[in-house]
Amino acid sequence: MKKNKTMMFCFLAPAVTLFLVIFLYPIVRTVMMSFFKIDGVTDSISLWHFTGIDNYLKLLQTSLFRTSMWNLFRIWFVGGLIVMGLALLFAVILTSGIRFKSTFRAIIYLPNVVSAVALATMWLQSVYSPQFGHITTFFKAIGWEAAANIQWLDAEHKFWALMFAYCFGMVGYHMLIFASGIERISGDYFEAATLDGANKIQQFTNITLPLLKGIIRTNITMWSVSCVGFFVWSQLFSSVTADNQTIVPMVYMYAQMFGAGNTVTERNAGLSAAIGVLLSICVVIIFTVANKALNDDDIEF
Amino acid sequence: MKKKLLSILLGTAIVAASLTGCGSKDEPATTPAASGQPEASAPAENNGEGGKTIVYWSMWEASEPQAKAIQEAVDAYEAASGNTVDLQFKGRTGIREGLQPALDAGTTIDLFDEDIDRVNKTWGNYLLDLEDLVAANNYEETAISGLIGACREVADGTLKSIPYQPNVFAFFYNQDIFAKAGVESVPTTWAELLDACQKIKDAGFIPITCDDAYITSMFGYHLGRLIGEEGVTRVVTEGAWAEEPAVLEMAKAYEDLAAKGFFSPTIASNVWPAAQNTELALGTAAMYLNGSWLPNEVKEMAGEDFKWGCFSYPAVDGGATGTETANYGAQVLAINKNTQVAEEAFEIIKYITKGEFDQKLSEYSVGIPADTSNTEWPALLSNVKPVMDSLTTRWSWAVNSEANVDITPVIKENFLKLCGGQMSAQEFVDAMEKASN
Numbered sequence: 002m003k004k005n006k007t008m009m010f011c012f013l014a015p016a017v018t019l020f021l022v023i024f025l026y027p028i029v030r031t032v033m034m035s036f037f038k039i040d041g042v043t044d045s046i047s048l049w050h051f052t053g054i055d056n057y058l059k060l061l062q063t064s065l066f067r068t069s070m071w072n073l074f075r076i077w078f079v080g081g082l083i084v085m086g087l088a089l090l091f092a093v094i095l096t097s098g099i100r101f102k103s104t105f106r107a108i109i110y111l112p113n114v115v116s117a118v119a120l121a122t123m124w125l126q127s128v129y130s131p132q133f134g135h136i137t138t139f140f141k142a143i144g145w146e147a148a149a150n151i152q153w154l155d156a157e158h159k160f161w162a163l164m165f166a167y168c169f170g171m172v173g174y175h176m177l178i179f180a181s182g183i184e185r186i187s188g189d190y191f192e193a194a195t196l197d198g199a200n201k202i203q204q205f206t207n208i209t210l211p212l213l214k215g216i217i218r219t220n221i222t223m224w225s226v227s228c229v230g231f232f233v234w235s236q237l238f239s240s241v242t243a244d245n246q247t248i249v250p251m252v253y254m255y256a257q258m259f260g261a262g263n264t265v266t267e268r269n270a271g272l273s274a275a276i277g278v279l280l281s282i283c284v285v286i287i288f289t290v291a292n293k294a295l296n297d298d299d300i301e302f
Numbered sequence: 005m006k007k008k009l010l011s012i013l014l015g016t017a018i019v020a021a022s023l024t025g026c027g028s029k030d031e032p033a034t035t036p037a038a039s040g041q042p043e044a045s046a047p048a049e050n051n052g053e054g055g056k057t058i059v060y061w062s063m064w065e066a067s068e069p070q071a072k073a074i075q076e077a078v079d080a081y082e083a084a085s086g087n088t089v090d091l092q093f094k095g096r097t098g099i100r101e102g103l104q105p106a107l108d109a110g111t112t113i114d115l116f117d118e119d120i121d122r123v124n125k126t127w128g129n130y131l132l133d134l135e136d137l138v139a140a141n142n143y144e145e146t147a148i149s150g151l152i153g154a155c156r157e158v159a160d161g162t163l164k165s166i167p168y169q170p171n172v173f174a175f176f177y178n179q180d181i182f183a184k185a186g187v188e189s190v191p192t193t194w195a196e197l198l199d200a201c202q203k204i205k206d207a208g209f210i211p212i213t214c215d216d217a218y219i220t221s222m223f224g225y226h227l228g229r230l231i232g233e234e235g236v237t238r239v240v241t242e243g244a245w246a247e248e249p250a251v252l253e254m255a256k257a258y259e260d261l262a263a264k265g266f267f268s269p270t271i272a273s274n275v276w277p278a279a280q281n282t283e284l285a286l287g288t289a290a291m292y293l294n295g296s297w298l299p300n301e302v303k304e305m306a307g308e309d310f311k312w313g314c315f316s317y318p319a320v321d322g323g324a325t326g327t328e329t330a331n332y333g334a335q336v337l338a339i340n341k342n343t344q345v346a347e348e349a350f351e352i353i354k355y356i357t358k359g360e361f362d363q364k365l366s367e368y369s370v371g372i373p374a375d376t377s378n379t380e381w382p383a384l385l386s387n388v389k390p391v392m393d394s395l396t397t398r399w400s401w402a403v404n405s406e407a408n409v410d411i412t413p414v415i416k417e418n419f420l421k422l423c424g425g426q427m428s429a430q431e432f433v434d435a436m437e438k439a440s441n
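Just so you know, the sequences run in chain order A and B.
Its first residue numbered 2, the first sequence is counted upward by one per residue in this note's numbering.
Its first residue numbered 5, the second sequence is counted upward by one per residue in this note's numbering.
Extracted from the complex, chain B is given alone in its bound form:
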C-alpha cells in the first residue's frame, strides 16, 4: 500500500514538473516589480505593432564581418519594430545544400540571401516579386541602378531580389610595385599591359599571379574581350574550340605572357589561397585578377600600408567588348513567395542595405556600399570606385566559362599548363577540342 502511495506521489510530482517545464518561455516567472528589480524600459524606437516572427537564413558564417553587420541591423530592427527575427547563419555550403530542401519541406523561411545568380536562377521559383514593395518604399532612389538592373535581368525582367555587398571582378594591383617599376598609369589596352608587365619584371617583381580557383576567370575574361559572353558560352557548351579562331588567339596571348616570364613561376601549382596570401599580399607579385573582396581577404597578411589599385581587364585589338564590361554583382536578399510577413521582411532588407548598417557592412567587410547615399568607401577600395562607376555591361561569373560542368576541370588543367609554359597555344586548343569530343 505504501509503495502504491509512493508511486502515485512520485508520478504526480513528475507530471507537475513536466508541466512546469512546458510553460511558455515568453512569460517571466516573476514580474520585475514583484522581484524588486527596476522595470526594464521598452526600446525607445519601438513604434511598430510587433509580435511577429521573421525567419532569415543567411549565407554567412556567424564569425564573418558581414554577419556581424547583419546581426546589428537585425537587432536594431527588432528594437524598433517589436518583431522577432530568427536569424540563422548557415554558411555558404549550408544554404547552398539546405535552402531548397527546407523550402520544399515547408520550413518557414521568410528571408534569405546568397549570390545574385544562384538566388534568381536556381531558386527563382521560390521568390516573391518585389516590384510593388520597392515602388512603395521608393527603394530605388538610393540603390545602385546597374545592380538593380542586373537583378531584373537575371529574373527575366522583374525584380525578385535586392542586391547588397556589391563586388566587381578586375585586376587588383600593388601600387608600390607599379611606382617602383615606373608604371605611371593603369593599362587599358593589351599592349599597355604587356608594357607594364615588362617594366615590373625588369624591376625584379612578378608581374601577374593567380590561384587555381580563379584561373578560369583569366581564360574567360580574355576570350570574353574577344567574342563576348555569348561567344564564350558557345565555345564551352558546344565545344567549338577549334572552330572559333578567338580561342587560339586568346591562347597565343597567354602563351606570350608565359614565354616572356610575366607569370609567377609557380602559377601552375598555386592552390588557392597560396598566390593571393603569399605572392600578392607579401609584395612579390604585382597583379591578380580577382574580386573586390580580395583586399579584405588578405588584409592581415598585406598590412595596413599596402596600397591597392584596381583596373578593368584591358581591351584587346578588334575585341567585341571593352573595359566597360566586366563581371560585377552582389549578394542578394530575397523573400519567400509564401511568406506571411513580406512587408516586415522587406523592412529588414532596408535595414541591412540602407544607411547606417549598409555603411557598417561596408566598413566591417571592406566592401562596397549598396546605398548610393553612403558615398564613403573603405580606404582600401578607394581605387575600385572609378572602375565600378565605369562599368556599363555585366558579365556572369568568369564570363560563363564554367557553364559546362564536364569541361571546366579540363579548362582549368590545360589553362594552368598554358600559363605555366608547359603547353603551347595550339596544344591548348587541341587538348580542349579532344576533351570536348
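Next up, chain A with everything else stripped away, as it sits in the complex:
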C-alpha cells in the first residue's frame, strides 16, 4: 500500500498540535513551575525565582498539607470502599432481573444530576443541622437524647459527615459503570453455573467478579481522579476559610494560588504547582498498581 506522507502529516498535524499545546505544554510548565517561587500564576518567567525542591520540602514539612493529604487518603480509601461496595451491590441487584429496574436505577443515579452546591446545602441544613436536621429530629422522635444531641458538624464529626454526604452522591455513577460491565457478561455462563448447582453467591464470586476486573480497574481510576479533584464539597462544608477536618490538597492549592479567605496572604503558584505534581504522581501510582493487580488480559468472554 502506497503511503502518502503529506496527507498523513496534514491529517495528523491538527491533532498533534492541539495535544502539544493543550496537554503537553501545561504539564511541562506546571512541572517547571513547581521548582520556582512564583507570586502570580501568570507572572512572566523573568519573575520566577528558582528554589529547587524547596516547594516539595516545604509541603512535606507543613502540618496542614499533611493533614490535607491524610483527609484525602481517608476519603479515597474509606469512601472508596463504601462507594464501590454499595455501587457493586446495587449493580448486581439491578441486573438480576428485578422489577422496576429503570426506576431504581434512576433513583440511585439522581444525586449525580443535582449540583454539588445544592446537595451540600441540603446535607448541611436539612440533614446535619443541630436545630432542624432530620437526624436530630429522628433521634428525638425515638427518644434517644444522647444521639439527638450529637453535633454532626463539630470538629469531632465533620469529616465523617462530609465524607458520607459525598459518597451518597457518588454511588449512582459507579453503579452504572458496574451495571454496564455485568450486562456485558453473557447469560450463558450463569445458566450453565445454575445447572451445575452454583448458588447466587458462588456465581457472583466465581463468574461476575473475575469478569469485572477491567470494570473494577476503571472504577478505581475514575474514583481516584474524582477524589484528587475534591474541592467544592470541602469549600461548602467550611465556608470562607478552610478547617482541619475538611481541608484537602486542592483547597490548600487554591489558598496558595489565589490567597486564603478574606485576608491577603502570601501567594506561591510554584507551591500550588508542586501540589498538582504530587497529586498527579499519586494518580499514576494508583493507576499502575490497579493495572498490575487487576490485569484481565488473560480473560476472554
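Hints were generated in silico from the structure; no laboratory data involved.
Accuracy of the hints is not assured; some may be wrong.
[As the list claims (entries may be wrong)] Here's a subset of chain A near chain B, in silico, CB distances under 7 Å, partners left out:
#1 62
#2 65
#3 127
#4 132
#5 135
#6 149
#7 155
#8 156
#9 242
#10 244
#11 256
#12 259
#13 261
[Stated by the list, open to error] Just a few of them, taken from the derived set where beta-carbon distance is under 10 Å, the chain B residues facing chain A:
#14 97
#15 220
#16 396
#17 397
#18 409
#19 420
[What the hints assert, rightly or not] Here are some chain A residues the structure puts well away from chain B; computed CB gaps all over 10 Å:
#20 33
#21 64
#22 131
#23 159
#24 187
#25 243
If you're wondering where the values come from, they're calculated on a predicted model, not measured in any experiment.
The beta carbon of each residue, even a glycine, is placed where N, CA and C say it ideally should be.
Position chain B against the provided structure of chain A, taking the given hints into account.
Here is chain B on its own, set in the frame of chain A:
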C-alpha cells in the same frame, strides 16, 4: 458543466452571505426615516464627545442588588457621555481568579472593583495613581476621609483606589431582646458585656452566636483589643502562642463566656450561614460579631420589624486598643495603569460613588453610602452610623488573625472548641503552640 456552474453559484452565494454577516453591527440596515419609523431622540444629557469604550469588570453577580445599582449608574453614564461601557459582572470568584491572568494576558480592562486589601496589595502593580484625578475633580470634598485615608495607607501613601459600599465589622444585636432582658445601654467594656449576657441569658435567650466563617474575627478582635493588630500578626505568623501572655488571657475570657453558657449551644458546629439565618434572624440569639452587610443578608428571614442595633467590640482592661478601633473598609474601584480612558473610567467611578447612584447602591443593598452628602442611611443601619463615626483606627480583616494560611484552620478548629466548651483556655494555648512548631 451544469455541476460546475451550480458550484460557482453556490460558492458565490456563500461568500456573499458571509460578507453580509460580517457587516458592522453598529450600522443599522435601514435608517429610521427609510423604514418609516419615528427617529429616536438622542439622550437628552448627551454632552460628551462619545465613541469610546470602557471595559469594567465588577466583583458582583448580575443578580445582586449592588450590581443593579452599578448597572443603573453605568446606563446613566452611557446616556450622558455617548461612550460605551462593557460592564461584566464576574462574581467574587471570577474576579479573584481571573483578573490578574487577564491583565497579564493583555486583556483590555480599564476599571475593576474588589475588596480594598486585595486590590491594593495583590493587584497593586496594575493600578493607576489617582491622586491627580481626585484633585482635579475635587473628589475628596464629599468622600469619607477615613476610608480615603485607609486606601492611601494600603497603597503606601498614595491613592490608587476609590472606596464604595463601606462596611464596618462590629457586634450586631437584636434590640428587642436587649429591651426584654433589661439591657438599657450597649456594652462598652468587657464587664458590661458580661453583665448584658447574663441578663439576656436570664431572659431566656442565647446571648452570643457565631458561624464558623466569622469565628476567627472573634479571636482576632479580643486579642487585638489586648495587644493590637501588630501583636496579633506576630502571634499568628511567628507562633508566639505560649510566649505572649495575652493569648491565654484572651482564651480565658472566652472560656469564661463558654462556661457561663453565653454562647449558642451549637456554636461549635454552626457552618455559615446556619447561626445568622436561624438563631439571630429568627430571634433566639441576641448578638453576632459581623459586618454591616449582615442586615441585608438576613432581611428576608428577620422580617421588616427586626430592630437592629450595633456596638463596637467592647474595651478590655489594660488593653492596647479601645472601641475606637475596628475593622472597617470598603469595596474599591481601581483603574488599570495601562488604560487609554482614565478620565472616562474616573467619571464612571464618580457616577457609582457619588450622588444619586451611591444613594441607590445604599438603598438597594442596605449598605452605607460612600458620599458624605448622602446623609440618609437605610433604616436598618441607622444604629451603625454612630459606630462608624466613632472609629478612628482601622484594623485589617479579622485583625489579621488569618495572616498565616497554614495556621488559620487550626485557629478555627481550636477556637470553636474553646467557644463550645470542649477545650480549656490552657488547652487552646497548648494546641496552638503545638501546631505552630
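Structure-based check of each hint:
1. The restraint placing residue 62 (chain A) at the interface with chain B is violated, with a minimum CB-CB distance near 10 Å, outside the 7 Å limit.
2. The closest approach between the C-beta of residue 65 (chain A) and any C-beta of chain B is roughly 5 Å, which is under the 7 Å cut-off, so the hint is satisfied.
3. Given the 7 Å rule on beta carbons, the hint for residue 127 (chain A) is violated: about 12 Å separates it from the nearest Cβ of chain B.
4. The interface hint given for residue 132 (chain A) is met, as the beta carbon of that residue sits about 6 Å from the closest beta carbon of chain B, less than 7 Å.
5. A least Cβ separation of about 15 Å between residue 135 (chain A) and chain B goes past the 7 Å threshold, and the interface hint is therefore violated.
6. Interface hint status for residue 149 (chain A): violated, as the beta-carbon distance to the closest one in chain B is roughly 12 Å, over 7 Å.
7. Satisfaction of the interface hint for residue 155 (chain A) is found here, the shortest Cβ-Cβ separation to chain B being roughly 4 Å, below the 7 Å cut-off.
8. For residue 156 (chain A), the interface hint holds, the least distance from its beta-carbon to any beta-carbon of chain B being 5 Å, beneath 7 Å.
9. Proximity of residue 242 (chain A) to chain B holds as hinted, the smallest CB-CB distance being about 5 Å (cut-off 7 Å).
10. For residue 244 (chain A), the suggested interface contact is upheld, since its CB lies about 5 Å from the closest CB of chain B, less than 7 Å.
11. Evaluation of the residue 256 (chain A) hint against chain B yields a held restraint, the C-beta minimum of about 5 Å falling below 7 Å.
12. With its C-beta approaching chain B no nearer than about 6 Å, residue 259 (chain A) sits inside the 7 Å limit, and its interface hint holds.
13. At about 5 Å, the closest approach between the beta carbon of residue 261 (chain A) and any beta carbon in chain B falls short of 7 Å, and the interface hint on this residue holds.
14. The beta carbon of residue 97 (chain B) is positioned within 10 Å of a beta carbon in chain A (closest approach about 9 Å), and the interface hint is therefore held.
15. Of the supplied interface hints, the one on residue 220 (chain B) holds, with its beta-carbon coming within about 7 Å of a beta-carbon of chain A, less than 10 Å.
16. The beta carbon of residue 396 (chain B) is not positioned within 10 Å of any beta carbon in chain A (closest approach about 22 Å), and the interface hint is therefore violated.
17. The closest approach between the C-beta of residue 397 (chain B) and any C-beta of chain A is roughly 18 Å, which is over the 10 Å cut-off, so the hint fails.
18. The beta carbon of residue 409 (chain B) comes within 5 Å of a beta carbon in chain A, closer than 10 Å, and the hint placing it at the interface holds.
19. Taking 10 Å as the C-beta contact cut-off toward chain A, the hint placing residue 420 (chain B) at the interface holds, the least distance being around 6 Å.
20. At roughly 17 Å, the least C-beta separation between residue 33 (chain A) and chain B is larger than 10 Å, which holds for a residue marked as non-interface.
21. With a minimum CB-CB distance of about 6 Å to chain B, residue 64 (chain A) fails to clear the 10 Å threshold, and the non-interface call is violated.
22. A Cβ of chain B approaches the Cβ of residue 131 (chain A) within 10 Å, the least distance being about 4 Å, so the stated non-interface status is violated.
23. Not every C-beta of chain B lies more than 10 Å from that of residue 159 (chain A), the closest at about 8 Å, which undercuts listing it as non-interface.
24. For residue 187 (chain A), the requirement that its beta carbon stay farther than 10 Å from each beta carbon of chain B is met, with the minimum near 50 Å.
25. With a least CB separation of 5 Å from chain B, residue 243 (chain A) falls inside the 10 Å interface cut-off, contrary to its annotation.
Hints 1, 3, 5, 6, 16, 17, 21, 22, 23 and 25, counting from the list given before, are not met by this structure.
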